[in-house]
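A.B. asks: So the sequences go chain by chain: A and B. According to full-length UniProt numbering, the residues represented by the first sequence are 1 to 196, in order. According to full-length UniProt numbering, the residues represented by the second sequence are 1 to 119, in order.
Careful, some of the hints might be misleading.
Using C-beta positions, here's what the derived DEER-type ranges look like [unchecked claim]: (1) B:Pro93 to A:Arg103: 19 to 25 Å; (2) A:Cys73 to B:Leu47: 31 to 37 Å; (3) A:Gln109 to B:Gln64: 54 to 60 Å; (4) B:Arg95 to A:Gly44: 37 to 43 Å; (5) A:Gly166 to B:Asn56: 37 to 43 Å; (6) B:Ala106 to A:Gly44: 41 to 47 Å.
I should point out that these hints are in silico values taken from the structure, not numbers from a laboratory. Bear in mind that the values here come from a model prediction, so they are computed numbers and not experimental data. Note that beta-carbon positions come from the ideal geometry of N, C-alpha and C, so glycine has one too.
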Amino acid sequence: MAALNVLVYPSGRLLRGLLAGPIATSWARLPARGFREVVEIQEGKTTTIEGRLTGTPKESPNPPNPSGQCPICRWNLKHKYGYEDVLLLSQFLRPCGGMLPRRITGLCQEEHRKIEECVKMAHRAGLFPNHRPQLPEGFVPKSKPQLNRYLTRWSPRSVKPIYNKGHRWNKVRMAVGSPLLKDNVSYSRKPLMLYH
Amino acid sequence: MNTRHIAFSGNKWEQKVYSSHTGYPGGFKQVTAAQLHQKDPVAIVKLAIYGMLPKNLHRRTLMQRLHLFPDEDIPEDIRKNLVEELPQPRKVPRRLDEYTQEEIEAFPRVWSPPEDYRL
Numbered sequence: 001m002a003a004l005n006v007l008v009y010p011s012g013r014l015l016r017g018l019l020a021g022p023i024a025t026s027w028a029r030l031p032a033r034g035f036r037e038v039v040e041i042q043e044g045k046t047t048t049i050e051g052r053l054t055g056t057p058k059e060s061p062n063p064p065n066p067s068g069q070c071p072i073c074r075w076n077l078k079h080k081y082g083y084e085d086v087l088l089l090s091q092f093l094r095p096c097g098g099m100l101p102r103r104i105t106g107l108c109q110e111e112h113r114k115i116e117e118c119v120k121m122a123h124r125a126g127l128f129p130n131h132r133p134q135l136p137e138g139f140v141p142k143s144k145p146q147l148n149r150y151l152t153r154w155s156p157r158s159v160k161p162i163y164n165k166g167h168r169w170n171k172v173r174m175a176v177g178s179p180l181l182k183d184n185v186s187y188s189r190k191p192l193m194l195y196h
Numbered sequence: 001m002n003t004r005h006i007a008f009s010g011n012k013w014e015q016k017v018y019s020s021h022t023g024y025p026g027g028f029k030q031v032t033a034a035q036l037h038q039k040d041p042v043a044i045v046k047l048a049i050y051g052m053l054p055k056n057l058h059r060r061t062l063m064q065r066l067h068l069f070p071d072e073d074i075p076e077d078i079r080k081n082l083v084e085e086l087p088q089p090r091k092v093p094r095r096l097d098e099y100t101q102e103e104i105e106a107f108p109r110v111w112s113p114p115e116d117y118r119l
């Protein structure tokens with residue numbers, strides 16, 4: 001659309017004037033909306049469904065390190081969280097369980113990746129029972145055997161059994177946890193084992 | 001007791017393979033931990049303890065003295081003889097709905113979303 005306009009109206013001023021009209025408003029961002037909740041009210045025969053604006057949650061005041069670029073640096077949490085810190089991880093989640101984009105949350109690239117990995121591990125451990133994807137209507141999921149797991153690096157469906165474990169000098173190890181969290185603070189003397 | 005609720009770290013439920021040979025030709029059986037747990041919930045803990053004991057003739061007698069049960073129901077005579085309960089080796093993390101509303105509110109919000117963002 002824009003290319004055609006450039007060809008047909010070469011003069012810059014006309015272009016800008018034309019572009020400023022309909023195209024700009026259609027590409028403009030959608031009107032501002034905050035978080036809403038859906039409320040259904042039944043009044044006799046008429047049902048009113050309206051979305052009420054809930055207040056957008058704000059960052060708590062007085063972060064310990066206001067000069068940090070991302071929320072984690074500001075709150076001094078750089079190497080201190082893991083998959084079990086659900087209260088922190090749930091702040092970056094959508095209600096269906098997906099992660100929010102980095103440009104919205106303001107995290108740095110490595111922290112975003114670490115949090116993404118922790119969220120995946122927490123989902124696999126079953127720590128977010130209410131952040132489930134919305135299933136289509138009338139769909140009853142098959143009952144699978146409930147196995148307790150934690151620190152799962154790979155998705156359970158994608159992993160193959162290790163039939164040949166290898167000789168003593170060439171063992172096939174099983175991955176536990178994530179290499180992104182290698183630099184976490186450890187309060188015990190035991191080193192962190194990433195491969196069992 | 002209640003070995004049915006055992007947890008494995010990493011992807012061991014799918015990756016760990018328990019192998020055995022019946023002695024007959026073509027009798028090499030390899031079973032993943034998940035399948036073994038389905039067939040017999042007690043077997044994983046039993047094999048783990050069997051591997052941790054010293055590899056001498058005492059091992060069999062020590063295993064005979066060990067009693068494992070998949071669920072909470074234990075026969076009365078064993079329940080009466082219980083002396084101590086071992087503590088949990090690893091802290092079980094709490095789910096999001098196990099936190100009280102006050103704890104959730106007391107935890108500071110780390111970032112504020114822009115005014116016009118829709119989830």
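A.B. asks: Now tell me if each hint is right for this structure.
C.D. replies: Hint by hint, here is what the structure shows:
no.: 1; hint: B:Pro93 to A:Arg103: 19 to 25 Å; result: 30 Å, violated
no.: 2; hint: A:Cys73 to B:Leu47: 31 to 37 Å; result: 46 Å, violated
no.: 3; hint: A:Gln109 to B:Gln64: 54 to 60 Å; result: 57 Å, holds
no.: 4; hint: B:Arg95 to A:Gly44: 37 to 43 Å; result: 41 Å, holds
no.: 5; hint: A:Gly166 to B:Asn56: 37 to 43 Å; result: 27 Å, violated
no.: 6; hint: B:Ala106 to A:Gly44: 41 to 47 Å; result: 43 Å, holds
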